[in-house]
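Novice: So the protein lines, in turn, are chains A and B. To get my numbering, take the position in the first sequence, counting from 1, and add 39. To get my numbering, take the position in the second sequence, counting from 1, and add 39.
I should point out that these hints are in silico values taken from the structure, not numbers from a laboratory. Treat the hints loosely; a few may be bogus.
If chains are identical, the list can't say which one is meant, so a pair holds when it fits in one copy or spans any two.
Within a straight-line C-alpha distance of at most 30 Å, the following computed DSSO-like cross-link-like pairs (lysine-lysine) qualify [claimed, not checked]:
no. : residue 1 : residue 2
1   : Lys248    : Lys213
2   : Lys213    : Lys236
3   : Lys248    : Lys231
4   : Lys178    : Lys45
5   : Lys135    : Lys90
6   : Lys231    : Lys178
7   : Lys248    : Lys178
8   : Lys156    : Lys248
9   : Lys90     : Lys47
10  : Lys45     : Lys156
11  : Lys150    : Lys47
12  : Lys156    : Lys47
Protein chains: 2
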Amino acid sequence: MDQPEKFKDIWVVEDNHELRHTLEEVIDSEPDLICSMSFRRCEDLITALQKESPPQIILMDIGLPGMSGIEGLHHIRSLSPATQVIMLTIYEDDDKVFESLCAGAIGYLVKGQTTLKIVESIRVVLDGGAPMNARIARKVLTMFSRFVSPQADYALTRREQEILELLVQGYSQKQMAAQLNLSPLTVATHMKNIYAKLHVHSRTEAVVKALRERLI
Amino acid sequence: MDQPEKFKDIWVVEDNHELRHTLEEVIDSEPDLICSMSFRRCEDLITALQKESPPQIILMDIGLPGMSGIEGLHHIRSLSPATQVIMLTIYEDDDKVFESLCAGAIGYLVKGQTTLKIVESIRVVLDGGAPMNARIARKVLTMFSRFVSPQADYALTRREQEILELLVQGYSQKQMAAQLNLSPLTVATHMKNIYAKLHVHSRTEAVVKALRERLI
DNA sequence: GCTTCAATACCCTGTTCTGGGTAGTTTGTC
DNA sequence: GACAAACTACCCAGAACAGGGTATTGAAGC
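Taking the hints into account, I'd like the entire structure generated from these sequences.
Specialist: Here you go:
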């Protein structure tokens, strides 16, 4: 370990010198936090992650030149899954913020916040929370519930629904026929009708639509 | 319409008389909010939803006798998808809270809160947000990212990855070849290799695996 | 210099799918 | 009892796919 156990290590990736130094100072002025490394480019962070022992938290600018913060996020997730990433953003209500959360960020920090607020967000993460406002939380929830409950209605009949499910399970038409005690020709008919209702022209497209829109 | 347009209608489902009346009063004392109906049982709410025009928001006790709040939630989602549901809970850090969010609730309200806090939560929802604390938000995020990135590694090469993406977009082998300036036979070779690496035997299975395990 | 791997390209054969039909039988609803 | 919708089954032709090969080229690593 580079630091004694009791210190929580926090790295910073931010191309603006001033902000980067401010963040470093704020972190270091806390008795139990330390900013052992900071970077102006995402690429340098990746290199460091492959050599050094990873930090608890990374503060990452969302709009970096070169490799973007979101791209960098993916690298971090695979190099050090335990590291939590807080995104730094100018606009709270940015689509990029939401995108980051989808990519595995744990929350975000709006630039230009008070020192108190910066430390608070870090503490929220260390405390097992996710710093975000209610509106972003709603976006996440909405997207989340799309995974959980179906929406669109293509008026599939019961049989068609059943066949769509088998389709997603990788059954061939012949296998479906065997499973459902039908003629393969009947299954083919149902498939044609499913395609028409979903406005697709191949099993692949049907499966993608079924999975993406939670039809199954 | 039962109420003039400018009033936001909010229903309450809570078996405790006292709390129910408190909530009614708090809502009605706001100039633009009205509590036109309240129930002590979820079953009565369902009945009402089938007859009356649905409210903007329902405050729902999470631990009702008879039909539980979460069960009721499912009925609300299908009867009136536009209605937002705020759960009423005793413990903030309850698994049931999280369960409710999965079932489509938009947030929650801890019982015993100040009048100010109750109104604030309602306003957050009306304002397009989702009232929840950072810890719950983290739970949602974690669950969410489980859907988004389980990240298995099948060691696909760059070309194979590229072809898998086109596959998910519904391209035929011939179309892929045109898109990538390759011979259709080359695409076929890559497809075979992809199948072998993903341990599948058809496009359908490959697409399902790619979407389910977020390989794309 | 040798090896390994990715990427490219081809052959062949049999299977499966797609999309255009038609048509009889159930089933549910008014 | 009438009618619509759903379910069933079939024909056909052309396209696409799956799976078994082989082979060349160029770049990366040892």
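Novice: Where does the structure disagree with the numbered hints, that is, which hint numbers, in rising order?
Specialist: Hints 6 and 8 contradicted; others consistent.
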